[in-house]
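J.: Starting from the known structure of chain Y, fit chains D, U and F onto it as the hints suggest.
Number of protein chains: 4
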Amino acid sequence: MNNGQQPNKIKVGVLGATGAVGQRFVQMLQGHPWFEISALCASERSVGKRYVDACKWNLRGDMPARLRDVILEEAVPGMDCQIFFSALPSDAAREKEQELAAGGHIVCSNASAHRYDEDIPLLIPEVNPEHLGLIEIQQRQRGWKGYITTNPNCSTTHLVSALHPLHVAFGIRKIFVVTMQAVSGAGYPGVSSMDILDNIVPYIGKEEEKMEKREPQKLLGRFDGNKVQMADFVVSAHCNRVPVRNGHLEAVSIEFDRKPTLAEIREVWMNYKPLAQQLGLPSAPQPALIYQEEQDRPQPRLDRLAGSVPGMATVIGRLREDPLFHAKFLVLGHNTIRGAAGGSLLNAELLVAQGYLGAKAATLANLAQLA
Amino acid sequence: MNNGQQPNKIKVGVLGATGAVGQRFVQMLQGHPWFEISALCASERSVGKRYVDACKWNLRGDMPARLRDVILEEAVPGMDCQIFFSALPSDAAREKEQELAAGGHIVCSNASAHRYDEDIPLLIPEVNPEHLGLIEIQQRQRGWKGYITTNPNCSTTHLVSALHPLHVAFGIRKIFVVTMQAVSGAGYPGVSSMDILDNIVPYIGKEEEKMEKREPQKLLGRFDGNKVQMADFVVSAHCNRVPVRNGHLEAVSIEFDRKPTLAEIREVWMNYKPLAQQLGLPSAPQPALIYQEEQDRPQPRLDRLAGSVPGMATVIGRLREDPLFHAKFLVLGHNTIRGAAGGSLLNAELLVAQGYLGAKAATLANLAQLA
Amino acid sequence: MNNGQQPNKIKVGVLGATGAVGQRFVQMLQGHPWFEISALCASERSVGKRYVDACKWNLRGDMPARLRDVILEEAVPGMDCQIFFSALPSDAAREKEQELAAGGHIVCSNASAHRYDEDIPLLIPEVNPEHLGLIEIQQRQRGWKGYITTNPNCSTTHLVSALHPLHVAFGIRKIFVVTMQAVSGAGYPGVSSMDILDNIVPYIGKEEEKMEKREPQKLLGRFDGNKVQMADFVVSAHCNRVPVRNGHLEAVSIEFDRKPTLAEIREVWMNYKPLAQQLGLPSAPQPALIYQEEQDRPQPRLDRLAGSVPGMATVIGRLREDPLFHAKFLVLGHNTIRGAAGGSLLNAELLVAQGYLGAKAATLANLAQLA
Amino acid sequence: MNNGQQPNKIKVGVLGATGAVGQRFVQMLQGHPWFEISALCASERSVGKRYVDACKWNLRGDMPARLRDVILEEAVPGMDCQIFFSALPSDAAREKEQELAAGGHIVCSNASAHRYDEDIPLLIPEVNPEHLGLIEIQQRQRGWKGYITTNPNCSTTHLVSALHPLHVAFGIRKIFVVTMQAVSGAGYPGVSSMDILDNIVPYIGKEEEKMEKREPQKLLGRFDGNKVQMADFVVSAHCNRVPVRNGHLEAVSIEFDRKPTLAEIREVWMNYKPLAQQLGLPSAPQPALIYQEEQDRPQPRLDRLAGSVPGMATVIGRLREDPLFHAKFLVLGHNTIRGAAGGSLLNAELLVAQGYLGAKAATLANLAQLA
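Chains as they are written, first to last, in the numbering used here: chain Y, 1 to 371; chain D, 1 to 371; chain U, 1 to 371; chain F, 1 to 371.
Isolated chain Y, as found in the complex (with noise of 0.2 Å):
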């Protein structure tokens, strides 16, 4: 790939690159103070194809004239990256992404393949960046030079973030949550015009699943040196697809060990500075938590850009008294940015903030001075 390359920048490649959240990738990297992309892979079909031609871009805004021209490549070990994003679908995520890992490259990836393995870190950097100790034991246990971490689905991502700080401080017991979750969740072409014009479509695919079993568990969970001790709290969850285009909303009520008051609740929230906060992460909104407090709020359209960088936060509103739990409030976020793209994309902050980069990696102290 050519160049117009700053040589002090992290190289990374995206897997899935012409897809919907390969595109947001290659959109969130544009720019990026610590990255910059060497390398888009593709799918057989489109390797050897000029990005412009292989990629109908639908995000707002021009494909990166930059890339236009790039020929997309296969990810093969050894190619010129430290870091793969990948935006592959689950199953060819798999191999590909062990492949990689095992070559000596990190992978932070978005994919749903690895997020439940024990020794994969399932990771939000606000909620349990200590999890990133799974690196050194899934290294040992696998006898690779690199490394995969993982994201959550997008609407547990929304979830956990707005729930991280009330677990530390109330401890939870019970999540009841409905979600209405936008189209561009399934990717492209994904939902049929046909089936959501003036409709829902209360179904999506292993996601309540993913809720109730898999994620929020694992992401509250401890880390006890050597694995998760999965969080005990019960979840039930009705998932519904939305004729919205981005942004999930969540109705939530929820149950704690001991009952808060709705100000202590707010409270908590207004207070909440996690690490990634902290390091100044270049991804990471500033606050991580917004509560809006109009009645009707927060709304997809309206609020699914809020915040210091946009698609980062959490949004949440209405919270108030629930008959049968302890508290109930929505919560809202944008799913191919946070929920996706951009949370892999925090992740890699992390671990190069943490020195997960090894004997490569740019100090922290080196990033800060290119931000």
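Keep in mind that the hints were calculated from the coordinates and are not lab data. Treat each hint with caution, since some may be false.
If chains are identical, the list can't say which one is meant, so a pair holds when it fits in one copy or spans any two.
[To be verified] Here are the simulated lysine-lysine pairs, DSSO-like style, with alpha carbons at most 30 Å apart:
#1 9 x 259
#2 11 x 210
#3 174 x 49
#4 56 x 174
#5 213 x 9
#6 273 x 213
#7 206 x 49
#8 49 x 259
#9 49 x 11
#10 145 x 56
T.: Frame of chain Y, contents of chains D, U and F only:
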């Protein structure tokens, strides 16, 4: 008003005939076997105008030709209408409906004004026909010759319709519901397109209060001969407005006095044949409840008109175990047909069939001949 | 295929029965007075499966119960179907339709594959029934026992339906048309929701070419006993995809050989009663053309099902002077009913009524008895 | 009004600050290098209220924090605002704008009230800056110390922006245009969701008249030192409302005095750099016109914010031969930014840059320093 009227039909008037629900009343009364419109009533602003001039018809199909030139009237006691169907806004409804009932008319109201009065039935014919016993008490207490009946809010109607046989069979203890409500529920012009295109508004004024505190408990309460003993389950509701034209979808989780199997729940729904269906009321769907087998149904666009009387049935689907409650499932129903005008209309049919139209009323036997 | 069939109905098959247009054929053939489905055909992938398993039904109402268990077949000459309705994609259609016609079947095709063949009728029963004369020529030239007829593209159908009587009365010289076409015109899954929510796509592959060069000129051309002499007006078309589920709306401006008054144009439309309506074909709407008086009509949602046979009429409105042409107005029609399956079906009814079903065919007199 | 104001900026007021266009003025004036809001004005109903209480903010992002507590005022001559931006409805605008201009204020109005007055400029800075000559005539004739300038209707703005260089180069004879206009063009609440979900409304009051008779001819007319000689081309317009939030898309066909090649047309667009761009006005997009190469662009969602100043450029695409005219193409532009508030704002910037702010005005040189 001029004619083409059949002398043996019951003459009815429509209050608020120009609005969204008023239009539904007019549409559903066309060709009704028992009822015939003899007056279209409107607010001062429209009185004296032709219906076609004062009403922006926005239902599919044209305004009934016979009614285009009808002159809008002010509703006053003594008009030649045995029944008034009320599509008035709540504040206008309170006084006007009382005035007409005092004057000897029967008011079948979709307004919320009188729904929570102790001596006024809040009625779903399938659910609580025995609450008609309140009519005698109402007339005695208030000294009225006529009376008022009401039907519940659109969201409550379909929720309670689905729950009624379960409550009888297993006893309901907790109801958790998140609604996704169509824009027509807000009337016309109602929700601005600016607020709802590519968006969800997670707030509907007073809707959660109605569902949590007021309507389900009265509907499923027990009439003890003097008043209704409220049912004592607890309800938690989150209400949302979505970009769907018609049809409210509700995600529901339930806890019972004793936990039934999913098979038992389905069996109860399948065998449900309440009074309205036994009587064969003209607007009563057969069956009252439809269970959709597909894993991604019910959906508003596909199912809102399902069943033998379009828009009058309640459609259920996706019954499954709930990690926090005993069962979860979806409920869908048409909000301006059964959830509004059709609810009042079916109430009126029940009144006729049960002999509540007094001396002047045709007997059911006669009516059957009409049908 | 099993039965409940009436022996005196004409047996028909549906090619491409699982797709969007195929489903419309199936829906419209339910309870048809003359035709009865005896075969549902599909591509290799689905042959051998039950219809209910291979077809994601997405029309309002359920799949006809009688057809759920029908096994999908490969269409081959000799099957017990006098007529095949073809909802095949264009490339699959070319060979298969020829094979069936050669084998003695009548193919009423909605595909574009044969529309522009000189000896194959492109037919709207109201517009050019005399083009049926091509059938004899087709059979002679190709040595076929059966034959193919086609119906035009969805946008052309309604445009030409509105223009036909004006062309007869005043002679059309120039047609300017801008379409706003519903997503169902692209089939299922067709248009991605990602492309069309809060958006318009001002491009539909090959659509402008069809409207400008090929279809209107043939439809309004004169059959001289040997071939169709193309009409010689000029057409300019801009085609757009809009976020509407069903119903194509077209803004049309026309220049005539001699300029009529607006009153004359309306009179021509009002008095239009072509052959299909005179014959009283079962799927022919009465009247064929509906003129909407309101200043903001026709509208897709309100008018796409207008008329005596839902979805079969063409709806016109807003006739007014045009500063550059002689007149301008709007045309609306249902694209998957009259614009696709219904177009083929009405063609088949015309064939029956005009005696084009050969020795085996019931005479019109007999058919009338069926109806 | 309180401060944080920079004393060397030009003080401006916003008329109709609570409405949809008023909010855009407020949003676009945040951080403006030359202007600073010193008054928010509203109708009697809102005067005296805080902005946050009277205004339902419905733009992405929050209401500017600095303005939340500003008290809404009645606009009267003598207020400390050199320029008033008017987002008043047309009938309210007529008198109020005259009153303020008479009192020495400059009114940059988006209202239609004065657009067609002979001595009031209807202005697009790129198109007809020489029409500023009318200001002197206006002041002389009316005896005003201030003056009024207006910007055209949203649909006209983008159409004429695309046509201007073509008119200069080739002379336009005929314009045919069909618009597909976003709902925000009707203000807030504007178009009911009941009217536009899954629908198109092919009628917008007075819109076709404005485009056919009044605005393009004045904008592209020649100022002869005394008045504007109207351009003499003929326009035919069909105007439609579509379910898109922002961005008007227009299908355009043109006939010229002499027919250019498509390449010549593109070259003219590519080389277009009118006065506003030469001056580098802060809100002038660079370039003014964007030509999209993709065959299915421009699209409202993807392109409405294209260019260097989001929402200020006009986007063109799909240039091709027209069988009836000389060329056809698409024009897209943001209707509430350049088509409304941004149009007035750019007009004000032109006034400043051209020295039309009188003795009190900062000179361009000073302003450049500010920027």
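J.: Please sort residue 174 with residue 49 into within, between, both or neither, judging by C-alpha distance up to 30 Å.
T.: For residue 174 and residue 49, the Cα distance exceeds 30 Å both inside one copy (50 Å) and across copies (43 Å).
J.: With 30 Å as the alpha-carbon cut-off, assign the pair residue 9 and residue 259 to within, between, both or neither.
T.: neither (48 Å within a copy, 53 Å between copies)
J.: Check residue 206 against residue 49 for me: Cα-Cα at most 30 Å, and say if that holds within a copy, between copies, both or neither.
T.: Classified as between; 25 Å across copies, 33 Å inside a copy.
J.: For the identical chains here, do residue 145 and residue 56 meet the 30 Å Cα criterion within one copy, between copies, both, or neither?
T.: neither (35 Å within a copy, 47 Å between copies)
J.: Have a look at residue 11 and residue 210 and pick one of within, between, both or neither, based on CA distance no larger than 30 Å.
T.: Intra 32 Å, inter 50 Å, cutoff 30 Å: neither.
J.: Within a copy, between copies, both or neither: where do residue 49 and residue 259 come within 30 Å Cα-Cα?
T.: neither (58 Å within a copy, 39 Å between copies)
J.: Within a copy, between copies, both or neither: which one fits residue 273 and residue 213 at a CA-CA cutoff of 30 Å?
T.: Within one copy only: 28 Å inside, 38 Å across.
J.: Checking an output row: residue 213 and residue 9, CA cutoff 30 Å. Within, between, both or neither?
T.: Neither, since 39 Å and 56 Å both go past 30 Å.
J.: Have a look at residue 56 and residue 174 and pick one of within, between, both or neither, based on CA distance no larger than 30 Å.
T.: neither (43 Å within a copy, 36 Å between copies)
J.: Quick one: residue 49 to residue 11, C-alpha cut-off 30 Å, is that within a copy, between copies, both, or neither?
T.: within (21 Å within a copy, 50 Å between copies)
When held up to the earlier numbered hints, the structure conflicts with 1, 2, 3, 4, 5, 8 and 10 and fits the remainder.
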